[in-house]
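Visitor: Chains H, F and X: place on chain C using the hints.
Number of protein chains: 4
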Amino acid sequence: MKQQVNEAKGKLGILIPGLGAVATTLIAGVAGINKGYSKPIGSVSQLSRIRLGKRTEDRNPLIKDFVPLAKLEDIVFGGWDVYADNVFEAASKARVLEPYQLEQVRAELEQIKPMKAVFDRNFVKNLDGQHIKEGLTRRALADAVQADIQNFKKENNCDRIVVLWCGSTEKYIEGNAIFDSLKNFEDALDQNDLRIPPSMIYAYAALKQGAPYVNGAPNLSCDVPAIVELAQLMQVAIAGKDFKTGQTLMKTIVAPGLQARALGVEGWFSTNILGNRDGLVLDDPENFKTKEVSKLSVLEEILDAKKNPELYGNLYHKVRINYYPPHGDNKESWDNIDIFGWMGYKMQIKINFLCRDSILAAPVALDLALFIDLAQRAGMFGIQEWLSFYLKSPQTAPGLPPEHDIFKQLIKLQNTLRHMMGEDLITHLGLDYYQELVDSM
Amino acid sequence: MKQQVNEAKGKLGILIPGLGAVATTLIAGVAGINKGYSKPIGSVSQLSRIRLGKRTEDRNPLIKDFVPLAKLEDIVFGGWDVYADNVFEAASKARVLEPYQLEQVRAELEQIKPMKAVFDRNFVKNLDGQHIKEGLTRRALADAVQADIQNFKKENNCDRIVVLWCGSTEKYIEGNAIFDSLKNFEDALDQNDLRIPPSMIYAYAALKQGAPYVNGAPNLSCDVPAIVELAQLMQVAIAGKDFKTGQTLMKTIVAPGLQARALGVEGWFSTNILGNRDGLVLDDPENFKTKEVSKLSVLEEILDAKKNPELYGNLYHKVRINYYPPHGDNKESWDNIDIFGWMGYKMQIKINFLCRDSILAAPVALDLALFIDLAQRAGMFGIQEWLSFYLKSPQTAPGLPPEHDIFKQLIKLQNTLRHMMGEDLITHLGLDYYQELVDSM
Amino acid sequence: MKQQVNEAKGKLGILIPGLGAVATTLIAGVAGINKGYSKPIGSVSQLSRIRLGKRTEDRNPLIKDFVPLAKLEDIVFGGWDVYADNVFEAASKARVLEPYQLEQVRAELEQIKPMKAVFDRNFVKNLDGQHIKEGLTRRALADAVQADIQNFKKENNCDRIVVLWCGSTEKYIEGNAIFDSLKNFEDALDQNDLRIPPSMIYAYAALKQGAPYVNGAPNLSCDVPAIVELAQLMQVAIAGKDFKTGQTLMKTIVAPGLQARALGVEGWFSTNILGNRDGLVLDDPENFKTKEVSKLSVLEEILDAKKNPELYGNLYHKVRINYYPPHGDNKESWDNIDIFGWMGYKMQIKINFLCRDSILAAPVALDLALFIDLAQRAGMFGIQEWLSFYLKSPQTAPGLPPEHDIFKQLIKLQNTLRHMMGEDLITHLGLDYYQELVDSM
Amino acid sequence: MKQQVNEAKGKLGILIPGLGAVATTLIAGVAGINKGYSKPIGSVSQLSRIRLGKRTEDRNPLIKDFVPLAKLEDIVFGGWDVYADNVFEAASKARVLEPYQLEQVRAELEQIKPMKAVFDRNFVKNLDGQHIKEGLTRRALADAVQADIQNFKKENNCDRIVVLWCGSTEKYIEGNAIFDSLKNFEDALDQNDLRIPPSMIYAYAALKQGAPYVNGAPNLSCDVPAIVELAQLMQVAIAGKDFKTGQTLMKTIVAPGLQARALGVEGWFSTNILGNRDGLVLDDPENFKTKEVSKLSVLEEILDAKKNPELYGNLYHKVRINYYPPHGDNKESWDNIDIFGWMGYKMQIKINFLCRDSILAAPVALDLALFIDLAQRAGMFGIQEWLSFYLKSPQTAPGLPPEHDIFKQLIKLQNTLRHMMGEDLITHLGLDYYQELVDSM
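In the order they appear, the protein sequences are chains C, H, F and X. The first sequence begins at 1 in this note's numbering and counts up one residue at a time. The second sequence begins at 1 in this note's numbering and counts up one residue at a time. The third sequence begins at 1 in this note's numbering and counts up one residue at a time. The fourth sequence begins at 1 in this note's numbering and counts up one residue at a time.
Hints are supplied without guarantee of correctness; some may be wrong.
Which copy is meant is left open, because identical chains are indistinguishable; a pair holds if it fits in one copy or across any two.
Subject to a maximum C-alpha distance of 30 Å in a straight line, what follows is the list of computed BS3-like cross-link-like pairs (lysine-lysine) [to be verified]: (1) K307 to K9; (2) K113 to K2; (3) K154 to K306; (4) K318 to K93; (5) K93 to K39; (6) K39 to K11; (7) K289 to K125; (8) K208 to K153; (9) K35 to K93; (10) K35 to K208; (11) K71 to K306; (12) K125 to K11; (13) K318 to K289; (14) K54 to K2; (15) K346 to K93; (16) K71 to K113; (17) K306 to K35; (18) K71 to K318; (19) K318 to K346; (20) K306 to K318; (21) K2 to K307; (22) K133 to K153; (23) K307 to K54; (24) K346 to K71.
Simulated from the structure, these hints should not be mistaken for lab results.
Okay, chain C solo, but in the shape it has when bound (with noise of 0.2 Å):
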């Protein structure tokens, strides 16, 4: 049974906070694409196929003529930063893409100028940028975020628009009242309550627009009650957070294989050296700290020692993060793992990752932007826990642990999408292969 699904007509508008390198890398790419020049490798969305029915029935359809998404040449980018760089000289301080191709993009990135950031450096110490809302409560900037959406959606004509965190990661706060329902968060708001980050405001300006809103960093930004509230309220799609890229990406890709085959972890630990902007927020340990609580929490989960104490009741898991200029935005992890198989023997397992931060965000950023639009064109709204592929912390319903392990979240995905399209679900069973051949004989 089909869902209904809505087209995906018009322009759809991407607005970004923090147009920074991942931004930026995005916004080049889709440009780059667009004129032939490139390709979108990176992103599922585009170029992964989808398994339709049996094995045999050799039906794999890319999943963007399977959905119906938005097309790549639809996309209108705009944004907010702390700096008044346009697009092109961003890309070009950011250093993550070779000038000859920013060069071949030169004229789309330029006319790219990001509107004043909503700012507050207690979040963010190692940031000194200029170009912000100055002098306005946390309810005026509130609303000036909404009036930058409307006139955004209206000057470009957009039939949709996505908001799209790539700030930087706010400093660790937990819970507070003040999150707790939509209530308190806009009677904080009213009273200028400066526990509020800047990120909350994002999220509670786009909602309040009907747009879905992602969040592509640890910190909470929408993953507290007050707008899931909102987003129930206003129907309106919400995920989050924290792009998975990286030594991540890598963790839960080869912990789930680890625990897929009952191999013990005594421990793992995680270092990663990178240069650019990001590592620099995260050289404070107040905003690392963010960035650690959601670095953690995945293998706790993949490797549940409550299940299988035997296993993994002693894993002692830590994660470094070095500012090291050197590097730049080409981040470099190095992951030791102690494991012990067959009557105890320990083994190790070493990962060097030589990967490139922006080049692996951005295509997670366009997929999450394209599949929480279609998410909103097909009615389903509140948190879209199937996007959790993307997400190093994914936002789940209360009370439901999330699943950390990427091959379960891809097929949530995949299921999702089949189930959205009436298609069967693929369980992997396939034992009516062999029943065929008992049946032949």
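Guide: Chains H, F and X alone, transformed into the frame defined by chain C:
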């Protein structure tokens, strides 16, 4: 609807051609576990839990409590080898386990003495054992192995027998008309056709005796039409081939993760160093060829170049095994993976796995024996593709491409068990959790 | 011209403040070697040969046969510790050596019981031992240690004593006027100035007793003007500081190689994981600071940015130590080195050293004790820079920059020995071999 | 006493058999440096300083300011190749340097066109170039190369010529009577003996023309008695063989460090992946054999098992090279080193070098050319062992074992330069610094 599964009453004889490092590690481990010295780490059948029903139901029994497996204390081990050493002596020479652990089960191991092996040095040049059935035709060898099985079953008062090939990798052979039908094969046996490798004689003898057969090495053994036909005819279960451990295990964990994310792979270089008897055998190019074919195939299937030419069309995959005595059984692999992402930017992953060959293989061998015994009791005969989770080169129905992605293999295994016991298959869709949320508003 | 070197007659007492992992490994090893169970691998004094004369003379005696060293069987060990465990108990808890090896020398180790330590928790927060000299002023502590040394020497009938600091790294302190002259230091002792760290009290007491002193940790200890002055005055040899093992050993091997080839170095990131008591102590930032300064300095000197600004002017060097209990004493380091070559092209070197902290340190400690005893008998007093081969942060004459290149340090050590015994110094010029060729034509 | 060294007046012609990746990278680099675009990173002759006198004198001139080397702007390049591409085309195909850098020196490179090569496919199966001197006997080829040298020298108005073999590795050959004396060799030339490999013809021709000859590959070339005899007779300098770069460079850095510390080595496994023409040539076992012998020898000498059987008596050393096109010229090596220390405890070192073959080789080639020209002007003829610093398999006087330790090679090189210029040789003894301290008391 639950399948009819006969109970696991009485003793299960596990007969092993090749009482080398893997087999003796398995036997010593089971003896140690039965005496309370050790735990079956790495054995999914013994230690893993299986989720039943919804995530929120929290039903996660151990697999061994969910399906009626033979108990470890009901297993009796026996086997054949080209060396006359008893299992204690063979385990000591294999130098996999610490001497003090072997002492703990010395009596149990010493009483297991190998029967004379079927051996033909044309298939394994680098071995020179003398404990072999000499001067017999192929047909007479098959008869002798059948007699061995009957005797063992009777002497040890076994209810059921499983035969598990843990012998060395035989040299590479391609298909041949004599393997193409049961009739041809039996004619060849009668004509003492020396192209029949020893491992096929064991497979033939096992099936004729109604004993399920598992092949842990990459040589063909039961993976030819003649033997499959015999399995169907005798209604006996078979599975193969090549225990999936070490580097290939890692490869079928990591490659699905890259594929899931639509990351391109340009090159994958895999090298191994090991110094055990397996390493010595594989130092002969003819035997390495058999292993190489098995190890190479996994990437071709997971990273399907035909479906994704932009991502995998230029993949260069190379696998090397190097005999390196200083490491003994402590096999070590090093992989260099050249990937590319958004806009074609290149990244690299290096994986260094300091593993232990037999420690990884022993629980795999155990699980295969227990699960194929279960399948047999559940009336599932012929090729057991659901056991492909454990195998580098899974045997499948004719014309059906094997599935190498370990996570799909895992779901197949788990859903087969659920199906067997009449439980709902898991699809990871989970939209209902969120529907409840909406309903509750 | 051979120097006058007194013979090594009678017993040599080696007294060690800090009977932890390194010291107990040293003591157990020497006991094992003396009983014929083990070999002094890693000890240059015991196993290395020294070339004498021309390459073609083929004169390469063992160093221990070339210079008159104390014999291993003439060593008597003793020491102080904050825990009351005897050396067998301490070695067992350190879990460096296999239990069966400790059993072989159990009697020898059990009879060595620590004297009460000089300890001040202000200098090492993460330790909490109670086996300490309590309620004494700094001066009284110095007197007590001198009495300990006298008693030990008498009771054990020693001809000579060497004191070897193997205690934990004390917290970072910079120079202070009280350390600037012997007079100031003795005044501070008299005034019970609590800024005097325990390790200086040991150094002071040793020198007052005419016993050479070696510092194996990075804290200052004997590396202040006051103690140097005392060493000159008493005509006693001193050396320090910080045993060069593991990552820094590797660094002072590899960096000279890069520098030799005029390869540029842009970044060097070093991280360590270890889980022994040393790791616990260094988990305190104040103590890590002491270690960090010691570990960082080596590159600055070897890759001299002032002399080669194009090659090393932008070097970013970062060192991290992480407490990681799963590894115990099996310290592991991972280095990423960003180098550049011809025309500025970038390359990377990754070094992963799976080492064992105490196994590397024990022979270094042994050699330092034996060589400083030799120096003392050769009439060489004050700072023994020729022992810098063994030290991360070598003590040198005031104003003289230390030499960190391990190969220059080696030549210095070897040429010092040759000089001592009146042999020609080696310059590796060797043009004469070719002159002979010409002459013979 | 300073040696007599003639000034480097006029132009130096560097003639290169084999204008492939290394040679074109060298030529492009020198052109770029002369135009101010680039720096000679990796060139000791250009960038390294040499210490003169005592440490405290602080005399550290650049080597190029200390000894009278030819200037980079006085070099004229030429050469021979089996392909007719000019140096710009060849460099472009080699894909070592970025296109924009080649454009900067396009004119300079385009004007260098290879002369036809001496080539015999029996010595290099995997190459198929057609730009060769055809139909000539061995003697006629030698005459033709001599004529080439004369013409080049005249046309380019060179004062001096150096010939530098940068061609592919020829297949393995062992000694033969025809190489044993100059007479035999010349007889063989006259008889057109096809066992004479092309590289020897170049060596012969160069020496006959009075041009020093350097061999950058592992084939014998000038390393046979016949050619050494000719070098003595003609009073010309020679050096070889095999540029020391990448993995072997690393090995001769690390092995001396382990040996210095008396650490045992039980196994050393080295593998390489590379995808350039060199990789293709070495994919042929006969050519790999030549390289293997060169690469294996270094450990045998540095870790001298005869002198230290307890430490190196069981060393298992294995070297592998794998052709792996995805990496092109970006050769990557991975080493696993199994060491053991105090009481026999095992440790491991893994080194992963992501290097660039030609980037490392180019400055080595440059230095060898400049230094052998210097030697010639200093009247040093025959084998120049002091250049072994740059070579995997250094040529030495008959009966004299080569020195592979790069640090001894470095001292040899530096002390040779000091000797040449009448400076004191450095011994690193340095006791005088401390004597002063005593004297000053």
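Visitor: Determine for every hint whether it applies to the structure shown.
Guide: Okay, the hints, checked on the actual structure:
1. K307 to K9: between (48 Å within a copy, 29 Å between copies)
2. K113 to K2: neither (41 Å within a copy, 63 Å between copies)
3. K154 to K306: Classified as neither: same-chain Cα gap 53 Å, cross-chain 44 Å, threshold 30 Å.
4. K318 to K93: Classified as between: cross-chain Cα gap 24 Å, same-chain 32 Å, threshold 30 Å.
5. K93 to K39: both (23 Å within a copy, 25 Å between copies)
6. K39 to K11: within (21 Å within a copy, 51 Å between copies)
7. K289 to K125: both (13 Å within a copy, 24 Å between copies)
8. K208 to K153: within (14 Å within a copy, 75 Å between copies)
9. K35 to K93: Close inside one copy (23 Å) and across copies (28 Å); limit 30 Å.
10. K35 to K208: The answer is neither: 35 Å in one copy and 61 Å across copies each exceed 30 Å.
11. K71 to K306: Between copies only: 24 Å across, 45 Å inside.
12. K125 to K11: neither (37 Å within a copy, 60 Å between copies)
13. K318 to K289: both (12 Å within a copy, 21 Å between copies)
14. K54 to K2: Classified as both: same-chain Cα gap 19 Å, cross-chain 23 Å, threshold 30 Å.
15. K346 to K93: Answer is between: at 20 Å across copies they meet the 30 Å cutoff, but 46 Å inside does not.
16. K71 to K113: Only inside one copy: K71 and K113 sit 23 Å apart there, 52 Å across copies, limit 30 Å.
17. K306 to K35: between (52 Å within a copy, 25 Å between copies)
18. K71 to K318: neither (41 Å within a copy, 38 Å between copies)
19. K318 to K346: both (19 Å within a copy, 26 Å between copies)
20. K306 to K318: within (19 Å within a copy, 38 Å between copies)
21. K2 to K307: between (37 Å within a copy, 26 Å between copies)
22. K133 to K153: within (20 Å within a copy, 73 Å between copies)
23. K307 to K54: between (34 Å within a copy, 16 Å between copies)
24. K346 to K71: between (50 Å within a copy, 26 Å between copies)
Hint compliance for this structure: hints 2, 3, 10, 12, 18 are not met, and every other hint is.
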